[in-house]
Structures are given as structure tokens and as C-alpha cells.
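Student: Given next are the chains, with one letter for each unit.
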Amino acid sequence: MSDKITNILLVGVGGQGILLASEILSEAAMLAGFDVKKSEIHGMSQRGGSVVSHVRFGAEVFSPIVPEGEGDILFGFELMETARSLPLLKQGGSVVANDLQISPPSVLMGQELYPEGLVERIKARFPDFLLVDGQRIAADAGNVRAANTVLLGAVSRRLDIAEEFWLKALEKMVPPKALAVNKLAFQQGRAL
Amino acid sequence: MKTILSGNEAIARGAFEAGCLVACAYPGTPSTEILENTLQYKEINSSWAPNEKVALEVAIGASFGGGRALCTMKHVGVNVAADPLFTLSYTGVRGGLVLVAADDPEMHSSQNEQDSRNYARFAKVPMLEPSDSRECKEFTRLAFELSEQYDTPVMLRSSTRISHGKSVVELGERVTGLPVPKLEKNPAKLVMLPGNAKVRHPLVEQNLVNLSKAAVTMPFNRVEMRDTSIGIITAGICYQYVREVLPNASTLKLGMVHPLPHDLIREFAAKVDVLYVIEELDPFIEDQVKAMGIPAIGKEIISLCGELTPGRLRAAFKIPQASESAAEKLPGRPPNMCPGCPHRGVFYTLNQLKAYVTGDIGCYTLGFMPPLSAMDTCVCMGASIGMATGVTKVVSAEEKKKVVAVIGDSTFLHTGINGLMDMVYNNAPATVIILDNSITAMTGRQDNPASGFTLMDQPTNAVQIPLLCKALGVKHIRIINPLDLEETKRVIAEEMERPEPSVIITNKPCVLIKREEVFQKGPVYAVDADACTGCRACLKIGCPAIEWRPAGDGSKKGKAYIDPLLCTGCDVCRQLCKFGAIGGVK
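Protein chains in written order, with our numbering: chain U, 931 to 1122; chain X, 166 to 751.
Simulated from the structure, these hints should not be mistaken for lab results.
So the derived list for chain U, only partly shown, Cβ under 7 Å to chain X, looks like this:
1. SER956
2. GLY978
3. SER980
4. PHE992
5. VAL1037
6. MET1039
A virtual CB, placed ideally from N, CA and C, is assigned to each residue, including glycine.
Construct all of the structure, not just a fragment, from the sequences and the given hints.
Tutor: Right, here's the structure in full:
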């Protein structure tokens, strides 16, 4: 195992299930034999605010938060939040984002417009950009609520963690009745 | 067995393994999940107290009865619990007693960023500070042992990044063979009258001297010699950032931040060329190191404000870092009250009535945010009522009518009751609105003494808030449905006019309450696009379920739209629409 630490940022809107996704990711990394740390903020930010979760794994991890500008992968659950967190990513880092827009209060109230052209601007800065229609793929797999798992599958392809550990992590973290759909959603995402 | 735990989960596990019998707390970010996790261990009696002072007193009683007890709170909770804490150090303990204070540098979810380490020194209590989840568990176990060994309460300081960070932990077994709790009288030690306290105080001072000496060889204070050109004294989460950013520096990692191991610090300082102290918030370690006559660099390069990060530490040491790419200017995404939140209509009304609102701590503090913009003060738990009384003592008779205190059910029970008692006692003509949503919502829906359930989910007495107010002497108590805007406005306006203390209690539950019999979603609403004139009246409540959809022709025209997935059917927006364009979907 090399000394290299893998730095992942999961970003989106409070209530989107980001914490569960980061827990599955952390669990898979631990099962694969890595030291893992993760950090995020609960509380106020859960009331529909921006959420950033940091996950780091490697031989030995110190800081639980990703050093600024050193993210390897930005895992975005919402487009504008993905764009907001680009500065956390290293040059040449990867972006895997859900093709979903959630309007913030100022847009809901008609004071501002949801920014246009985000996908193009992200792609211009980070060519390794995978845009995933998580909701549609999850719906096809049997439940639109498994969109995060589709994305997790897409992210998993970019990480040095064998598939068996992902599946074990899903088995541990996902409620039994939703497991079959989530496994399918994961496979669909992984195949992207 | 190896598992990934948050710092809070690990503290709960550590308490379990230490043979803890009682855990008591008032919820507060970032400490809340500790008690939510002691709950899983049937051997521990876990309970929410109405406030941190009571929580600590319950833990003290359990300790005096001979059991090991855990008490947890956020940093500002220690202010509330300070009174018993400062004398508890004199009495000492019977069963080990550990007080967890979870600080919030950067104020992710707090009104200030006070540094709890000062309390350890001020109250003369030893304090351990873990740097990851593994240490959270180990230090909690150790804190119970030190507590009994040195006959003192022990504080454990966490912070947001420790409590809500997760890392790998090896689980252990629960200790066995601890003494069975039973009553044992020892008034000379436990009755702190002057005569007894005068005997206890010197023992407390001697204890700290003894601990400082013992701490030199205790394994949680650890010297790691690497390159000796830079030596760093650090503790807690800052240790992780030091290892991340300055991997070659020699470090003295302190597991116990009070009392400090003076001899170890001298020895370490002598081995390095330049000594730094890296800590968040106050120069707590640094000041003591400098007072020992040892030159050190600390707050000259590390801010007194906010949390440390790897980037900030790099900047302090002028280490080049990956240049952060510029951030695009994007609309902000502040937190908001939930769709259907029963607080929304009250703040909309207070805004309309141009009230001067003394606020309090809870979800409803978000009533400060636009477009509701109806909160004028917020200081600490329970302060709204006292502040309202104070304001009426100085402003004109006409302005007194504008003064309204707003407080949640849990906050009222926490420290609002005394304020209301004073308002009645001293006849302040303000209006108090108790937003009773039947839960402690902000910290994640915890039960409280008015919700009818305990932390262990046992049905129990529910405090009747109207009767409590009546007993305090409030003559005018009105109960309103906050989802009925006409009623809400009429009653608040009437009570604001009244030149006497009055209380208005809202009666709709939090939309996030898990118990189905308490909150039920109504029929979902929709906008009739033909009837909608685009007047924007419904946008003034800032409901996340209502979206403005521009006409798309570059004009300012557009129409409202209700997201059926978010709407709870609260009916508030329908009452704002003069054109009958909003209605329930059949």
C-alpha cells in the first residue's frame, strides 16, 4: 500500500442523503484495509443549507478534513453545490456529479436566477467530469431514492477499492428491504 | 472488532466500556449524539435533562451514590452547568464522573466560540483532549479511572471536528467488578459549607500539583522526536493538522491539557531549536508555557478566531500550497425553516406587525433570515424573556407595545421559566410567544419534559405549559393555531396592545416529528396557473416548497409553483393568495 492518501469531497444540499453516502464510502475503504477519516458539519446546515462531507483514506490518515485544493474527487449531488466546491479540488481532479438542480431560497423567491451553463464551465476546468442522470437511472433500477447509490457506483470506478467491499458496505448500511434496488443502482452507476 | 465511529459514538462506547451507569445531558450541537448513542447500551440509564445544570446535578448524584456517571453538553452548556461544576471539584466524586464539553470553533452551529479549556483551569478540574475517535473512546475510559483515582470530576474536551469526525476504532469489553452503588454518608466531604470547603480547597490544589507531576509519564502525553529544528506542542484536532502539514517536526502531543506536565514541557523545549504552540481559539497552553519562562511562538501566527485547517496551518508557516482556484460567484444557500414549519406564519406576522422581537436559540432563530426578517436579538438559551422585560424598562409607553419575546418549548423549559417568573413578578408589559412544536427540533428532534416521552422512549408526564404559565401568575394566556394567519395576527396584535405580561402559545408540532400521531401531512397544495397573477405574495413566507418561475421572456413576470414533493399542506400560502390561485389537490 502506498503512502498516497485519497481525498474525496461529497457536496450537496442538506437532506439529500450525503452523510449516508459518505458512510458507505468510508465503510468500504475500511473493509478494503485502509485507514479512514471523515468529517462533516451537522446542525444548522441540515436545514436545507450547503453540505460538504470530507472522506480520506490511505495507509495512515491524519487530518479528517481534506487540505484545501487537494481533493482528488469531487462527488456532487447537486450542480450548483458541485460548482461551489470546485476550489477544494486539485488541478486535474475528477468530478462526478448528479444532473440535478435544487433552487436555493433566493432563486425560489425570484430574486436571482439559477446559474446557467454550469455543466460547461465545470467541464472546461475539470475535463474528467462525469455527469450522471442519477434520478433516471435509479428510477429504472426500481426506486428514485437510490440516486445516491448510482452516483456512488460511478465514483467507485475511480477508487482503489474492490467491488466486494462496496457490496459489503451496502449490505451493512442500507436497510434490508431497499438492498436489492441499491445493489442494482450501484452496478448501473459502476457501469457508466 | 474494528469499526468506524464518530467521536461522539466513541465517547459513548468509552463510557460503556468504563462501566458507566448513568448518562445525562441537554442536547446541543456538536455533543447531542453522545447520549443518543449511550442509549444503545442497556446497562446505562440515559436521560435528557431540562438543562445542563440539572444534567450535571443528576450525574453528581449518581456519582455520590457510587455509580460512574457521564454528563455531556456543548461548550455554552458549561456556562449553565458552571455553578455545580465549580463546587464539584471541591467535593470530588465517589463513582467516577466525566463531563464532556464539545466546543464549536468556527461556530458551525453556535452563538459564540468560547474555549472550554478555560473552565478546566477555572474550576480546577483535570481535562483530557482526544484527537480522533480512537482516543475519544480510550480517553473516556481513562477519564473515569482518573476521576476515581484522584477523587475529582474529569472534563473531556471535544470539538466539532472531533465529535462529528469519524475514524477507525477497536472495540473493547465493558469492565466488570466495579463496586455496587449503595448509600454511604460522608457529609464532611459532600456538604460544602465554609467549614468543610476550607478543608477541601487545599486538597484540590494539591491534587492538581500531583496530577501535573504524574502527567509527565502518563502515556497520553507523548513526545515524538523527529527533526529538532522545529518543536510543536499541540493537542486535540490540531495535532492531526500538525502531522499533516509538518510531518517532520518534533511534537509534544498533550492528551491532558489541564494540568499541564510542566517538567515534560521543559524537557521537550530544551531539545528543539524553535518552539511553537499550535492550538485553536485561546492561547491556553501557550500562555502557561510562556509563564514558565519558555519562549514560544503561537498566537503570533495562529488566529484566535475560528477553527484551524491544514490550509490555515500551512499559511501560518508560509508553506506553499496548491493555489486554490477562484470560486465562481453563485447564489448562496443558507439554511431555512422546513416546508410546513409551524414557526413560519408567526414570524411572517411579527414582521407585518413591526414587532421588536427578542429571540432565542432554536430552529426559529432562522426567523431572522429574509424574507421573514423578524428577529432583533438573540443571545443565549432562555434570554428572550429577560431581554423583553429589560427593553420595556427603558423605552416609551408606545414602544413597549412592540416588544415580543419568542422562545421554543424546549428552550422555555431550559431557562425561560425564570425569565417569565421575573416578567410577571416585576409586571413588565411585554408579550411572550412560546412556539410549542412538541420537540427539541434544532438539534435533531429530541424529546423534552413537555413532549411526553423520555430519551429511552418511555411514555412519561408531559409538562402542561399553559398551566405552568398560569402558576407563574400570567393572567393572559392565549393558545393559537400558528397555521391560521388571521387568528395568529389578531391574537398577537391584541396581546401586544395589552399593557400587562401575556403569553401566547402555538400548538402545532414540528413537521419532522417521527411519531405519526403527532404530525400528519395534509393534502398537498398546487397553484392554478390560470388564476395566478404573479403578485409574489406567497413568496413572502420563504417556503422552500414554493418556487418563482420566471416567464422566461426577460420581463419580471412569472408565476408561482408548488413542489408537490416538498409541500406538507400546511395551508399558510393559500391564505396569502388574494386570487384564490392556491388550493389543495384533490
